[in-house]
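A.B. asks: Listed below, chain by chain, are the residues.
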Amino acid sequence: MTDLLEQHFDATIAHDRRIEPRDWMPDAYRKTMVRQIAQHAHSEIIGMQPEGNWITRAPSLRRKAILLAKVQDEAGHGMYLYSAAETLGADRADLTELLISGGQKYSSIFNYPTLTYADVGVIGWLVDGAAICNQVPLCRSSYGPYARAMVRICKEESFHQRQGYELLLTMMRGTEAQRAMVQDATNRFWWPSLMMFGPPDDRSPNTERSMAWGIKRHTNDELRQRFVDMTVPQADKLGVTLPDPDLRWNGERGRYDFGAVDWSELDAVIKGNGPCNAQRIDARRKAHEDGDWVRAAALAHAAKAAS
Amino acid sequence: MSSSWPLWEVFLRGKRGLNHVHVGSLHAADAEMALRHARDLYTRRNEGVSIWVVRAADVTASSPDEKDPFFAPAADKVYRHPTFYDIPDDVPHM
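Residue numbers (our numbering), protein chains in the order written: chain S, 1 to 307; chain B, 1 to 94.
Just so you know, these hints were derived from the structure itself, not from any lab. The reader is advised that the hints may include incorrect statements.
Selected chain S positions facing chain B (Cβ under 10 Å, derived; list incomplete) [unchecked claim]:
#, residue
1, Glu86
2, Arg152
3, Gly239
4, Pro243
5, Pro245
6, Lys286
7, Ala287
8, Ala298
9, Ala302
Sample of chain S residues with no beta-carbon within 10 Å of chain B, all distances over it, derived [said to hold, decoys possible]:
#, residue
10, Gln39
11, Leu61
12, Tyr80
13, Arg92
14, Ala93
15, Asp201
16, Thr207
17, Pro233
18, Asn250
19, Tyr256
20, Ala268
21, Asn277
22, His301
Backbone N, C-alpha and C define an ideal beta-carbon position, used for all residues, glycine too.
Start from the sequences, fold in the hints, and give me the full structure.
C.D. replies: The structure is reproduced here in structure tokens:
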């Protein structure tokens, strides 16, 4: 019986059709999918913090409204993704527990601090730019609910990237000090943005199976290269220098060559030793625990109203 | 520390003239809160003019396998389709 179900699953994947929630699927597929979707959801939720840091200090009402809308979107993206994870039998409360207990990870990029307002712009430009690079192919993920969530998310991410780049263009037209802030933020976020694509292919043991299952559509290194190729002309237009002396056009490949990423830094951040790991998790735990009485009160109210 | 709200499925009518379509799910303590959360979560950019919320526990679904014999009765009735019938090419308006 399982053989037949497995054949059906394999055929669905082979025809590039979508797997839907109540279909039979190999345990490893379900596990991988839950982990990937949950970690993606956690990243959106934790990702609210670095930028949320600047909402009260945005330089104008226009910028504040934009930043609020963007951070609300991040919350929404997290909710779409938790919803997708639940179609696989995961429980949202359990996933939150796994996040705040360190049992599941989130993107390493959110463990870096946002030191100046230029960071808000650079996060929109580079971090959301890298996220878009990662996420566009996931709109064709073999798991239907995840792919559909990604379609919604990608539509909304475009605003995120554009507001960031526009913010930076505005600062670059400002004072010398403002231009220096943009360059400084670019220097700090460039390498961590390249790390967002994950370890190099020769250190990414699950890539092959994930590609076979249509969970992943391109390798980490392919996406990283694509991001560099897209970003260099944007940096030129903006008038900032990307902090990589080895970055240069390779006419033979028709792509940019770039320097070696310091993978020991990514390893350290993933292991919990980035600049803000503890702060991010503490803030999430506090929000969850402080909200418990609200959840309990709303449940009690609903029960009373129903009786 | 866990007071979990039940799960609700959300359906949106994108605009007048279209059916409600399933868009996802959310957690809420009751139906009214589910509607408000659905508005905040799924219609931040005018994606809907009408929302339905249904408790996920109240949805009855057909068998998981979409190739199930449950749908077999439809498969062998080709005469339900217009292309089943041979009509000469020169018959107008058909």
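A.B. asks: If a hint holds in the structure, say so; if it does not, say that too.
C.D. replies: How the hints compare with the structure:
Look at glutamate 86 of chain S: its Cβ gets to within about 6 Å of chain B, closer than 10 Å, so that hint holds up. Interface hint status for arginine 152 of chain S: upheld, as the beta-carbon distance to the closest one in chain B is roughly 8 Å, under 10 Å. Taken as an interface hint, glycine 239 of chain S does not check out: its beta carbon lies about 32 Å from the nearest beta carbon of chain B, beyond 10 Å. Checking proline 243 of chain S against chain B by beta carbon gives a least distance of about 36 Å; that is not within 10 Å, so the hint is violated.
Among the interface hints, the one on proline 245 of chain S is violated; its C-beta lies about 42 Å from the nearest C-beta in chain B, farther than the 10 Å criterion. Below 10 Å, beta-carbon pairs count as interface contacts, and lysine 286 of chain S has none with chain B, the closest being about 12 Å; its hint is therefore violated. Among the interface hints, the one on alanine 287 of chain S is violated; its C-beta lies about 13 Å from the nearest C-beta in chain B, farther than the 10 Å criterion. Interface restraint check: alanine 298 of chain S against chain B, minimum CB-CB distance 4 Å, threshold 10 Å, status holds.
Among the interface hints, the one on alanine 302 of chain S holds; its C-beta lies about 4 Å from the nearest C-beta in chain B, closer than the 10 Å criterion. Every CB of chain B lies more than 10 Å from the CB of glutamine 39 of chain S, the least distance being 19 Å, so the non-interface label holds. Every beta carbon of chain B lies more than 10 Å from that of leucine 61 of chain S, the smallest distance being close to 19 Å; the non-interface claim holds. Against chain B, the non-interface label of tyrosine 80 of chain S is violated: not every CB pair exceeds 10 Å, the least being about 6 Å.
With a cut of 10 Å on Cβ distances, arginine 92 of chain S falls inside the contact zone with chain B, its closest approach being about 6 Å. Distance check for alanine 93 of chain S against chain B: the nearest CB is about 5 Å away, which does not clear 10 Å, and the non-interface claim fails. Consistency note on aspartate 201 of chain S: stated as away from chain B, and its beta-carbon is indeed over 10 Å from all of that chain's, at 33 Å minimum. With a least CB separation of 29 Å from chain B, threonine 207 of chain S remains clear of the 10 Å interface cut-off, as annotated.
Distance to chain B confirms proline 233 of chain S as a non-interface residue, since its nearest Cβ pair spans about 29 Å, more than 10 Å. A cut-off of 10 Å between C-beta atoms confirms that asparagine 250 of chain S is not in contact with chain B; the least separation is 40 Å. Even its closest Cβ contact with chain B, about 35 Å, leaves tyrosine 256 of chain S beyond 10 Å, as expected for a residue assigned away from the interface. Residue placement check: alanine 268 of chain S keeps its beta carbon more than 10 Å from all beta carbons of chain B (closest about 31 Å).
The non-interface label for asparagine 277 of chain S is consistent with chain B: the shortest C-beta to C-beta separation is roughly 22 Å, beyond 10 Å. Interface exclusion of histidine 301 of chain S from chain B breaks down, the closest Cβ pair being 7 Å apart, not more than 10 Å.
The structure fails to meet hints 3, 4, 5, 6, 7, 12, 13, 14 and 22 from the earlier list, while all remaining hints are met.
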